[in-house]
Structure formats: C-alpha cells, structure tokens
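Q: So the sequences go chain by chain: W and U.
Residue numbers 14 to 357, in my numbering, belong to the letters of the first sequence in order.
Residue numbers 14 to 357, in my numbering, belong to the letters of the second sequence in order.
Calculated from the structure, these hints are not laboratory results.
Careful: at least some of the hints might be erroneous.
When chains are identical, the list treats them as one kind, so a pair holds in a single copy or across two.
[Stated by the list, open to error] In silico BS3-like cross-links for lysine-lysine, where the CA-CA straight-line distance does not exceed 30 Å:
1. K310 / K264
2. K50 / K72
3. K50 / K264
4. K310 / K100
If you want the building blocks of each chain, they are given just below.
There are 2 protein chains.
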Amino acid sequence: MERFLAACQRQKVDTTPIWLMRQAGRYMEAYRNLREKYTILEIIKTPELACEVTMQPLKAFDLDAAIIFADILPPLEGMGLQLSFSKGEGPVIHNPVRTRADVEALRMPEPEESLWFTLQAIALVRRELASRGLPLIGFSGAPFTLASYAIEGGGSSNYLHTKCLLMSDPETWHLLMRKLSEVVGRYLLAQARAGAQALQLFDSWAGCLSPEDYRAHVLPYSRRAIEIASQGQVPIIHFSTHTSGMLDLIKEAGGDVIGIDWRITLEHAWSLVGEEKAIQGNLDPVALFAPWDSLKKRAQQILDQGTGRPGYIFNLGHGILPQTPVSNVQRLVDFVHEYRAQGV
Amino acid sequence: MERFLAACQRQKVDTTPIWLMRQAGRYMEAYRNLREKYTILEIIKTPELACEVTMQPLKAFDLDAAIIFADILPPLEGMGLQLSFSKGEGPVIHNPVRTRADVEALRMPEPEESLWFTLQAIALVRRELASRGLPLIGFSGAPFTLASYAIEGGGSSNYLHTKCLLMSDPETWHLLMRKLSEVVGRYLLAQARAGAQALQLFDSWAGCLSPEDYRAHVLPYSRRAIEIASQGQVPIIHFSTHTSGMLDLIKEAGGDVIGIDWRITLEHAWSLVGEEKAIQGNLDPVALFAPWDSLKKRAQQILDQGTGRPGYIFNLGHGILPQTPVSNVQRLVDFVHEYRAQGV
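Just chain W, same shape as in the assembly (with noise of 0.2 Å):
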C-alpha cells in the first residue's frame, strides 16, 4: 500500500509521508504561468487544467500524495451563492445568506451536477497517477467554515455576523448546517467514488468558537458529513486550526487523520486525541522561509515527536504560502524521507 494511505490508518511505513497543504500554488512557476491566462475558477472547472495543475507539484518534488486542484468554496455556487475570487483579496460571496429566508432558498444539488468538474478531474489525475503509485487526496470546505463564508460573504476578522446567527437564530443555524452538512458528506463521498483514496475536510475556521459553541453548533454536524462521506470507505482527515483547546471534540466529530496547525506540539496534540488517531501536520508554513539549518531543526523537532508511533503524516499547519522558496520545499520533502528511514 502507499506510504500515505498506511500511515492514514495507522500501519507500518518504510518512511514518513510527506505533502503540504496548497502544493499546488503561486510559489511553483509552473502555476504562476497557467495562472497568467486562466483565472482560479477557470482551472477549476477545466478539467484537463485542473489535472495539469494538480500535477504540478508531484512533477517537482517527491511527495507522497496529490490534492485535487480545486477550492473549499465551490459547493456554495450550487446552492445559490455567486462566488468571485478577487485580485489579491480572497474570495467574495456576492449575495451572503443572512436571513432564514436566504437559508431555506439554498438548493442543494447533487454533486455530480454541480461539482462535475471536480469529479471530472479526479478521474483524469487518477489515470495520471497509476504509473506513479501515488494516492489522490479529494476535499471540502467543512460545514462551519462554508457557514461562515457564505454569511459572511468573505474573509472576517472576528465572524461576527456568524456568530450573531449562531447565537441569537439557532433554529435557521441549525437549519443551514443541516443543508450543508449534506451537501459537503454527499460531495466527499462522490469524490471518493470518482476516485480519491483519501478525503480531508477542511474546518480551517473552526477555532474562531469556543469549545462549547463548537460542540453544540459544529461537531453534529461535521460529524453528519463524515458520516455520509465514511461510505466512501477511504481515510478522512480532519482539519482544522486554532483548536488547540479542543481537539478532543474536532476528534470527537470524526476522521481518521486528525490535522493539525503548530500551535501546539505534536505530542500534546496527540495526548489530546489519543492513539487510536493518525496525525497530520505541524510545521508552521513561515518555516519554509527560514535558512535550511533553521528550517531543517524545526522539521527534527516534528519527526522526533511523530516517528516513534505509527500514524504520522508530514505537512504544513496550513497551506503553504505564495512567495515560499521552492529550495526550501525540495530539501525538506527529501530530508522528512531520510529522516530516521528505518527507525519508522
């Protein structure tokens, strides 16, 4: 079995796996080109595009598993929401969901029509990769975080008019994670059908609540989607950032991998989510900026934590950044594969 989808469940690897969050990205020159001519949008929902680009960083580097090349935000286009991604300032939802009204309106469509592209290129990856034996990763943005985009309408500092629904409308809260919980289960699992052997959903706004807000508004319904995606029968991954308070209850929710940014140790990490759980992450992305002596102690320090025990899969906390240096990107997959290699 692939090194990835061992470690995933927990199993004996001759090496730890290694890839990064947004390895396909503005930092490759390869994607800053295609990107002069088509939009992010557009190479999504092409395919053949998506396919080159998911490509991309597999060519480069020897990384342990791909990532569709696609968004979080995509699935809220089939409900209804009209999505833009702005030169420079993330994505904008032009007509947010405020309302009950706006919430009872959310179509929700199967996947296979409004997310075809993406399953699309699933299968043009897979039938690229077979050669390589490399697993693909498919994923989704996690009810929550698409919650608070599609009311927030974008970016937020502090997700107030999240919140405000969350706390003051409970039954319209409940009722728009419902749909969402749904639709994001349904297009996991028809990802996992066109393909992927492995799942991540990503809650990367989770940590803006509380534990108790997360448990009484959240975990139901991640849970729900993992639920739904699970009969996919491929690992899930699970995460999130800014839970280091609670990632009992992100692992309470579900998932195979629980994922991890570096605000907390791995070994802490994993005394809070137990053994029984695979492990993903840790190196702050800022990292891959520094000197390699510095860069090269931080990924030791990760490896020390995370090599003695099965279930360990490198990658960043979260995606790695525009202007990250590739060198950087090349040394380190290399040293977390001869790091300890037979001590695994």
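Go by the hints and put chain U onto chain W.
A: Here is chain U on its own, set in the frame of chain W:
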C-alpha cells in the same frame, strides 16, 4: 481589599469581579463624542483626556477595576519608531525595524521621559478613583507583540517578517527582544510607581508561534519584563490569545493572573496553568451581541467553572468590539455580580 485585587491574589471575594478589556471604547457614546474632537494619540497624550476616558465606563457600569486609557504601541515611539493610527486600518509604523542596524539604533529612554503622559494620567485617575474604592490597572504590550508591530509595521496575517527575523537572524532577534523587555519592564514598573495597582502584559500576538519558538525566542523576554515589573509589588496579569496549546509556557513566563481567550474552556485552561495562578477572561466578545438569554447562558457556563475556587476574574477573551450593544454590557456586569454571590 478591593474585590478585583483580592481575586488577583486568589483570596476570598464576596462575588466575582469583572472588568472588560478595552472597556473605554467606541461602543460607548461618550467615547465616540470625544473621538470626534481628538485622535486616539491626542487622548492618550493629554493626561486630562486620558483620565476622562478611563473614567467613562466606570460611570456607566458597575465594573470592579479601571484600566488606564492608553495603547500598547506608544513605548515604540520613544524607541524611535514613527507611529500613527490610520482611519479604520489600525496602527501603522512608518519606519519598521528590519535589519541589525535598525535594531541597534533603537533608543531605550526612561518611561518618565517618553511616556510621561500615561504616568501622569495614572496619577490623575487614582485621585478620581480614591472616593470610589476602585483599583486601577496599568498595562503594556509584551515584548513579542511589540516586536511584531515594530517589524511588520502594522497588523499582519502571517507575521512573515517577524518570523523570518526570528528564524534567520537569532542574534538580531535576541538583541531586539532584550531591548524591548527592558523598555516594557521599566514602563510597567513606572506605572506601578505612578499608582497603578495591577499591571497587564498584553501578548496578543504570541499565538502565531509554535510552542518551541515561543519557548526559545519569546518566553525569556516576557519573563524578564515581568521580573522588572514585579519590583512594583502589584499583581501582574499575563494575557495572550490563540495560546491554548501553550498555556503552560505562558504561565512559565510569569504573572500572578493568566489571561485567556475563549478558545479553551476555563476548566481546561486552569488544569494547564495550575491552581497557584488566578485566571482572567474567557467570554467570546461576540457573545455580547447575542440576545440576553443566549449571552447569559454563555456567561453562566464560564461562571460555573470559575466560581468554585478563589482567583477568578470575569472578562472577555479579547477587547470589547466597537458595535457592542451597551445594554448587554450593563446586564452582563450585573449578572456576574449577582451570580452565586454567596457561594464564592
């Protein structure tokens, strides 16, 4: 002894003390009226105005402490940085610190020389407060948070420049942090000598670091600042956000009271920092926007964890937001005082 100071020292209190970070601020009409005539820096640098603003929330609500109206950044001005507050964009430093030479050029003036206005405002407020029997809190930005502002030149989403300096040029980093810890420590000490009866160190940005980076590059300097400040013989509150994964290190750096955000339960936080520390905080500032029943439930959840033992101070997990409804502030303050008033 005043209820707030007693709780700082983990002594018995008649009921839970409460104050709110940024309690003098834009959510109050009296403050907005004054801000139509003066800039933030004008208010801070005119002791009579700073005193007036400090007193505004105490006249409106039954709070248990005043906090001097100031900002975390003015200590940087005395060191040679040019600070301004741009409308709606937050603070800007026009000559950010990026090189060894920049760090070497930083001056270390005595607080009586560069921050006389805040020291004088403290003396004025103490006189006003004497009749009310309320204590006054002084404060400063912590060395890391000041370093981040000095290096980034303002707010930041990934602290790239700060972390790059820390990771790539530790010597320059340590020189900068040595200077900042002295400036911060002496400023805090001067505030205690001017009349502040408690001191808060704001390390609002420490949570962008990994625990290892915090330990190696920040902890010794926060500890140094706290050591100097503790000559003032008043309780010290050590506040940070996004540090749920390293509260043990925040505690290790020092402080009598550990200030926490809402991303961890009070109970879990207390288990990490230990019984010998008091704890302050924990309510999500956005909860103040909720209907009263919903806000009350959240306050109650916290009080149920905080009132069982000595040393709990009710507060938000970060500053109160500008659009916060005043009526909820009023009800919250009264509710905290009434809740289990006998049992504490």
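Q: One pair to classify: K50 and K264, alpha carbons no more than 30 Å apart. Within, between, both, or neither?
A: Classified as neither; 41 Å inside a copy, 52 Å across copies.
Q: Cα distance capped at 30 Å. Does K310 pair with K264 within a copy, between copies, both, or neither?
A: both (29 Å within a copy, 25 Å between copies)
Q: Using 30 Å as the alpha-carbon threshold, which applies to K50 and K72: within, between, both, or neither?
A: So K50 and K72 pass the 30 Å test inside one copy only (21 Å; across, 61 Å).
Q: Which holds for K310 with K100 at a C-alpha limit of 30 Å: within a copy, between copies, both or neither?
A: neither (36 Å within a copy, 42 Å between copies)
The structure fails to meet hints 3, 4 from the earlier list, while all remaining hints are met.
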